[in-house]
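**Student:** Residue strings, one per chain:
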Amino acid sequence: MSDAPRNPVEKLLRTERMPHIWCPGCGIGTSVNCFARAIEQADIPYDKLHVVSGIGCSGRVAGYVNVDSFHTTHGRAIAFATGLSLSRPSAKVVVYSGDGDLFAIGGNHFIHAARRNIDMTVICINNFTYGMTGGQVTPTTPLTAKASTSPYGNFEDSFNLPNLAEACGAVYVARWTIYHVRQLTRAMTKALSTKGFSFLEVLAPCPTLYQRRNKLGDGVAMVQFFKDHSTIKNGASTSEVGLGFQSDMIVGEFVDRQRPTFMDNYNARMKEVLGDSFVPFEGIK
Amino acid sequence: MKADPKAVDTGIHFIDGNEACAEGAIAAGCRFVSGYPITPSTEIVEHLAKRFPKIGGLFIQMEDEIASSIAFQGAIWGGQKSMSVSSGPGISLQMEHVGLAAMTETPCVFVNVQRGGPSTGLPTLPAQQDVMQARWGSHGDYEVIALAPNSPQECFNRIITAFDYSEKYRAPVFFLMDECVGHMLGKVKIPPADQIELVERKMTTRKPGEYLPYRIYDGDVPEMTRAGLGHNVHITGLTHDERGYPAMNAETQDVLVRRLCNKILHHVDEISIYDASQVEGSDVTVISYGMTARVAAYAVETARGQGIKVGNVRLVTLWPFNDKLIRDIVDNSKAIIVAEMNLGQMVHEVERAARDKVPVHLLGNAGGAIIPPEAFIAKIKEVVS
Ligand code: SF4
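Residue numbers (our numbering), protein chains in the order written: chain A, 5 to 289; chain B, 6 to 390.
So that you can see chain A by itself, here it is in the shape it has in the complex (with noise of 0.2 Å):
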């Protein structure tokens, strides 16, 4: 057998780890596919990507990437990439996580991140709820979906975070499904050659918890449905890209806008107040 990698992703993947712990029909993999061939597009080299996940399935996509890769605590990925992407200015942070982790429990570090604009990616699957602990509802749950947590059928209003984002400041917001594999790595490869805090919304299939308990099928399903009803519109003011249960879902490039950086501002501020006495922080190249 040749020592050749046999899939073009395998490099960036960790091989000895698998097989790995997500479900058949899951949609994570998929994107994970995705950000490897954006990777390889975007032109960045391994040892300048650095990427950081949260706690549930989704989080476990920085145990399967062959970068350096830090697995944090539940909801505090963005707060602990906010630290590596200050000390890392040359480097490229992608935070990897889950609808729950990212917007339930770590929303507040979302908001300040993106309103900082930090230099960061965010990548959050969407799957519409916490597959690792069972299938909970989470902030991205549409009403009336059922959930193990919301056995009658969730009753609070779900976040629209193509909307959240932009309100709070990320210079690119796109959203894809797992469908739309070609658009999503040429999101990811835009979004990780963005400086600045930018934002990938990626609705994917858990077929094992939220379908399951909403009788919507496989996997497969769900990506025939993600297919049939989703329409394509770039630039489309992301208030009217909420999604409902089961509805058609506005998917495209939503935003895509420069803002000084939050180290832009820093070194802008302090230079023009310290003059000569400002030392630059540098970080670590």
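Keep in mind the hints are simulated off the structure, nothing from the lab.
Please note that the accuracy of each hint is not assured.
As the list claims (entries may be wrong) - DSSO-like, lysine-lysine: derived pairs with alpha carbons at most 27 Å apart:
| no. | chain 1 | residue 1 | chain 2 | residue 2 |
| --- | --- | --- | --- | --- |
| 1 | A | LYS150 | A | LYS231 |
| 2 | A | LYS289 | B | LYS384 |
| 3 | A | LYS237 | A | LYS194 |
| 4 | B | LYS268 | B | LYS329 |
| 5 | A | LYS289 | B | LYS329 |
| 6 | A | LYS52 | B | LYS212 |
| 7 | A | LYS275 | B | LYS11 |
| 8 | B | LYS384 | B | LYS314 |
| 9 | B | LYS268 | B | LYS55 |
| 10 | A | LYS15 | B | LYS212 |
| 11 | A | LYS289 | B | LYS192 |
| 12 | B | LYS59 | A | LYS289 |
| 13 | B | LYS268 | A | LYS275 |
| 14 | A | LYS289 | B | LYS362 |
| 15 | A | LYS275 | B | LYS314 |
| 16 | B | LYS207 | A | LYS289 |
| 17 | B | LYS384 | A | LYS199 |
| 18 | B | LYS192 | B | LYS59 |
| 19 | B | LYS314 | A | LYS52 |
| 20 | A | LYS199 | A | LYS52 |
What the hints assert, rightly or not - What the simulated footprint calls covered on chain B by chain A, stretch by stretch (three residues with Cβ under 8 Å from a Cβ of chain A suffice, anywhere in the stretch; the number is not a length):
| no. | segment |
| --- | --- |
| 21 | 51 to 62 |
| 22 | 79 to 92 |
| 23 | 128 to 135 |
| 24 | 153 to 166 |
| 25 | 256 to 265 |
Heads up, the beta-carbon is just placed ideally off N, CA and C, and yes, glycines get one too.
Got chain A sorted already, so can you dock chain B with the ligand onto it with the hints?
**Tutor:** Frame of chain A; chain B with the ligand shown alone:
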């Protein structure tokens, strides 16, 4: 390794413990701090927010104490020396990340300027009620190091020791100040940078492919790496093997958690710092730490002036607990008084180590005020009579 002459503020200063702590951290090479305002620790981060832009450091005020207790760990894995600073309720919120630092062997310092609790308690008044929290506050079995300074000068000197220990043992180190020590003004002598010796991080020199982040190559602490050196490490708070990969079984847990504890417990003698005087042949020995030790010193002196044989022991290192020191006291003194601004925390450790061989008394309060010298003297007299 010496301190950086461009950053150290050499000279004689008249500053409080909080500012001295900040200057000590700078001397120790700390260039990244994440914090969140909370009384009575706030002056530390305020001082750093002023000083850092002039010496190439970065202070970031995070959105909450939870964020500040992990943002700095991200910076450390990016290669920085760093600490987080908090008090009272903030420290309670940070406990999960003390556990993360213990599990991932992140060399870091948690500064806690103690105030009265529980809950919001007494934000502006002193206490020493977080001693057991520092030791046991995060879930699971693990060990920390904790140091308690008792003067502005010691805040400067011992925060450097705290950084040194964190690097040497790759463990979270608590710097347990209290409101009195934090706000106490005093003379602080900051030596020239070339007289400040620092413990360097034990970075691996092994090439990618020849390095495992949690393998013990020698000693009992693994070699460290950082993000971006090509080692492509995986760092997780899950139970992990020497590759850093999650391993969900009792065997890996046993090997890892025992090592995390033993790398500290096997070095109690090296970590333990204390002052002891006239313990031998004494009728009673006072054991105290932090602010309380200042009052103890005065009270013991007064009692000795009245002809009472009193030993005095001040602990600087609170954790790991030095059982041997207590056994020595037990062999040389007829009784022990543990004085602390709480309703009895360290006294339990002393009692355990003393094994009922001599009576152990508590002189404590519920926090909010220092224990006055009169109370010490009365307690000493009561115990010896
Ligand atoms: S439980 Fe759901 S999210 Fe988790 S691995 Fe299985 S399918 Fe994926």
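**Student:** Could you work out which earlier hints the structure fails to respect and list their numbers in ascending sequence?
**Tutor:** 2, 5, 9, 11, 13, 14, 15, 17, 19, 23, 24, 25
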